[in-house]
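Peer 1: Read off the chains here:
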Amino acid sequence: MGGRLGARLAPYALIFPGGLWLLLFFVVPMVAMLSLSLQQGDVVNGYQMTWHWQTYVDGFNNYQDQLVRSLMYGLITTVLQIVIAFPIAYWIAFHGGRRKSFYLFLLLLPFFVSFVLRTISWKFILTDEGLLLSPLKDLGLLSADFHILGTAPAVILGLTYNFLPFMVLPIYVALERVDARVVEAARDLYANPVQVFRRVVLPLSLPGVFAGVLMTFVPASSDYVNSELLGSSSTFMIGQVIQRQYLSNQNYPTASALSFTLMAILLIGIFIYARVLGTEDVLKVAAR
Amino acid sequence: MNQPNPLDPAMVRGLTQRRLSRRDALRISGMSAAAMALAACGVKGKGTTTQTPAADAVAQYWTGKTKNGHVDFANWPLYMDPEKPELKKFTQDTGITVTYQEVIEDMGPWFAKVQPQLAAKQPIGYDLMVITNGIQFKQFVVSGFLAPLDHTKLPTFAANAGTAYKNESFDPGNVYSIPWASGMTGIAYNADRIKTPITKLADLWNPAFKGKIGMMSDSQELGNFGMMKLGVDPEKSTPADWQKAADDLKVQKPLVRKYYGQEYIDALGSGEVWISQAWSGDIFQKNLEGGNLKFVIPEEGASIWTDNMTIPITAKNPVDAITLMDFFYQTEIAATLAEYINYITPVPKAQDAIKAHAAAASGEDKATLTAVAESPLVFPSDADYAKLRHYRDFATPAEQSEYQGIFEPIVLG
Numbered sequence: 001m002g003g004r005l006g007a008r009l010a011p012y013a014l015i016f017p018g019g020l021w022l023l024l025f026f027v028v029p030m031v032a033m034l035s036l037s038l039q040q041g042d043v044v045n046g047y048q049m050t051w052h053w054q055t056y057v058d059g060f061n062n063y064q065d066q067l068v069r070s071l072m073y074g075l076i077t078t079v080l081q082i083v084i085a086f087p088i089a090y091w092i093a094f095h096g097g098r099r100k101s102f103y104l105f106l107l108l109l110p111f112f113v114s115f116v117l118r119t120i121s122w123k124f125i126l127t128d129e130g131l132l133l134s135p136l137k138d139l140g141l142l143s144a145d146f147h148i149l150g151t152a153p154a155v156i157l158g159l160t161y162n163f164l165p166f167m168v169l170p171i172y173v174a175l176e177r178v179d180a181r182v183v184e185a186a187r188d189l190y191a192n193p194v195q196v197f198r199r200v201v202l203p204l205s206l207p208g209v210f211a212g213v214l215m216t217f218v219p220a221s222s223d224y225v226n227s228e229l230l231g232s233s234s235t236f237m238i239g240q241v242i243q244r245q246y247l248s249n250q251n252y253p254t255a256s257a258l259s260f261t262l263m264a265i266l267l268i269g270i271f272i273y274a275r276v277l278g279t280e281d282v283l284k285v286a287a288r
Numbered sequence: 001m002n003q004p005n006p007l008d009p010a011m012v013r014g015l016t017q018r019r020l021s022r023r024d025a026l027r028i029s030g031m032s033a034a035a036m037a038l039a040a041c042g043v044k045g046k047g048t049t050t051q052t053p054a055a056d057a058v059a060q061y062w063t064g065k066t067k068n069g070h071v072d073f074a075n076w077p078l079y080m081d082p083e084k085p086e087l088k089k090f091t092q093d094t095g096i097t098v099t100y101q102e103v104i105e106d107m108g109p110w111f112a113k114v115q116p117q118l119a120a121k122q123p124i125g126y127d128l129m130v131i132t133n134g135i136q137f138k139q140f141v142v143s144g145f146l147a148p149l150d151h152t153k154l155p156t157f158a159a160n161a162g163t164a165y166k167n168e169s170f171d172p173g174n175v176y177s178i179p180w181a182s183g184m185t186g187i188a189y190n191a192d193r194i195k196t197p198i199t200k201l202a203d204l205w206n207p208a209f210k211g212k213i214g215m216m217s218d219s220q221e222l223g224n225f226g227m228m229k230l231g232v233d234p235e236k237s238t239p240a241d242w243q244k245a246a247d248d249l250k251v252q253k254p255l256v257r258k259y260y261g262q263e264y265i266d267a268l269g270s271g272e273v274w275i276s277q278a279w280s281g282d283i284f285q286k287n288l289e290g291g292n293l294k295f296v297i298p299e300e301g302a303s304i305w306t307d308n309m310t311i312p313i314t315a316k317n318p319v320d321a322i323t324l325m326d327f328f329y330q331t332e333i334a335a336t337l338a339e340y341i342n343y344i345t346p347v348p349k350a351q352d353a354i355k356a357h358a359a360a361a362s363g364e365d366k367a368t369l370t371a372v373a374e375s376p377l378v379f380p381s382d383a384d385y386a387k388l389r390h391y392r393d394f395a396t397p398a399e400q401s402e403y404q405g406i407f408e409p410i411v412l413g
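Chains as they are written, first to last, in our numbering: chain A, 1 to 288; chain B, 1 to 413.
Read the hints as simulated data drawn from the structure, not as lab findings.
You may find that some hints are simply not true.
When the alpha-carbon atoms are kept at most 16 angstroms apart in a straight line, the in silico EDC-like pairs for lysine to aspartate or glutamate are as follows [stated by the list, open to error]:
id: 1; chain 1: B; residue 1: Lys-286; chain 2: B; residue 2: Asp-266
id: 2; chain 1: A; residue 1: Lys-123; chain 2: B; residue 2: Asp-384
id: 3; chain 1: B; residue 1: Lys-200; chain 2: B; residue 2: Asp-384
id: 4; chain 1: B; residue 1: Lys-210; chain 2: A; residue 2: Asp-145
id: 5; chain 1: A; residue 1: Lys-123; chain 2: B; residue 2: Glu-263
id: 6; chain 1: B; residue 1: Lys-229; chain 2: B; residue 2: Glu-300
Not close to chain B: a few residues of chain A, all C-beta gaps over 12 angstroms, as computed [what the hints assert, rightly or not]:
id: 7; residue: Trp-21
id: 8; residue: Val-113
id: 9; residue: Val-178
id: 10; residue: Ala-180
id: 11; residue: Glu-184
id: 12; residue: Val-209
From the three backbone atoms N, C-alpha and C, an ideal C-beta is built for every residue, glycine too.
Here chain A stands alone, though its shape is the one from the complex (with noise of 0.2 angstroms):
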């Protein structure tokens, strides 16, 4: 009898920690917001809860041009670093040879230094005089009044190297689990290396491209660094806007509800992406 109702309670023990902590560190936290949201008031008075659903529809009208903004900037952001990144992971995964996981090394090494840092340090690379502009400017192919830093520009670049890993990564791991004899047997078949790349390595390394965009597409769209360091008035994210709402107005509603808005956002966004990609179980990719 005591073996049988420990077997029954078995699973639920192995659920608990888990299951602890996905409650007391997610659901609570959600919870607590989605509450927040939906409660009016200020810091002094209290906040009382009023299923007031119209904090949602002022802050997608009052910051609409942010959220289109930062859904922009992130697509930008994913579309370059697949570029960039797609070449780096393939050839440390075909070529890389036996220094592969130096290499790896080598590509994370600046991440050992604060996000913050690493962006300020590009705001003194993009200054108006500093190290990139000033050398062009004197040669004269660039006018006096010319800068890049306050511009989309920068705050894309500063977007792009800062989230360069995650997308390198996924990429080099689904690259190297690309079968050599796969490879070896469309060559015998009269591939050529392009149509080789093209229809047999490309489609077998897309679940890593799929994770990879996950993982940058979502953070760069809700950054609010970049845009602080490098960016002005004209480039302002949702991510800023949040913060300063939270932050400087104790506006905790309007941010709530503009967190969640972009939440929901991001994820329609994600689940129409898997499912052109094809991919029935979006968990299961992101697992991989």
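With chain A fixed as given, assemble chain B onto it according to the hints.
Peer 2: The following block gives chain B in isolation, referenced to the frame of chain A:
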């Protein structure tokens, strides 16, 4: 008894019907817990609505507090000589050590940073902090985050402070704060790049400086300039005035390079902007590094604000902190501080002290010190004071939200 036909539809339904599985049970209990939590949630208010503390609050707070020998001091950048001669003298005179950190850059983020700990009655790591009058100062007071000051421990303040500083509108009677320095927000420009002298707020709207203009991101600073340019007194402004000022600022927006916090001074120094809203003392200190920046009090008016020393209610060393607060009101100390930071000092006798220093010095030092003693930035004349305006004081949080809601979209793009 007849066995039921295995292919009987009812039998098939019964066999294949979905039962409540373990997964379903967990799911239902989770959702209902979440729904109950949603409905039950509310965030308690942080403050009482009264601003005056109970009569014995001072006694209640200060009984039992003793000297510990150390102070953690949080301040804004460019508010003390990096050599910290005043703090060294303080340690020499009293034996109390001071850790000085320039961690405050902007009032909004500072309040947001310390509010969770203060609300939970936890120490914030500082015993003394300097905060500007305005929205956040009021929030600090109303939320009960500041310790009421024991004026028996502030004799030098009582003796040396100017009368205006003993009766500030935002803290009458100095219940929670005593001034550190007062400052003005005016216009600073790079005299190497801009040859014509700048005299008016309207110069910040000049299309000739397109892309080289900096403005401040704080809605109170921005709003004041917008209103003063239109000839409106910010202290008495109405929401209609705010809207007109916001519309004018939107006209300026395409010309502005960026909306800055404290970092406007670096942008001016590096040439990123040529003309900007600026705080009066920063320019003097930046020019010490070499540079040709000039500060102007515009004709239409400038903002005046006071940065105040306060003690957070969870400070570990309040007695040492209040001793340090009183120390800065000694005439000599106030004079050397004003000589370096070039902000308005709350000690009027410091002007004579600086003149005495100038008389005793020679050469370049003498010229600098005489300039400070006569500077309208450190000792404004009555005519200057007539042009200076405080920030708008808000009666209710709703009014404050309205004001921020009108000026924020300009900064947010």
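Peer 1: State for each hint whether it applies.
Peer 2: Outcome of the hint check:
no.: 1; hint: Lys-286(B) / Asp-266(B); verdict: holds (9 angstroms)
no.: 2; hint: Lys-123(A) / Asp-384(B); verdict: violated (39 angstroms)
no.: 3; hint: Lys-200(B) / Asp-384(B); verdict: holds (14 angstroms)
no.: 4; hint: Lys-210(B) / Asp-145(A); verdict: holds (10 angstroms)
no.: 5; hint: Lys-123(A) / Glu-263(B); verdict: holds (13 angstroms)
no.: 6; hint: Lys-229(B) / Glu-300(B); verdict: holds (6 angstroms)
no.: 7; hint: Trp-21; verdict: holds (14 angstroms)
no.: 8; hint: Val-113; verdict: holds (21 angstroms)
no.: 9; hint: Val-178; verdict: holds (36 angstroms)
no.: 10; hint: Ala-180; verdict: holds (42 angstroms)
no.: 11; hint: Glu-184; verdict: holds (45 angstroms)
no.: 12; hint: Val-209; verdict: holds (32 angstroms)
Consistency note: the structure conflicts with earlier hint 2 alone.
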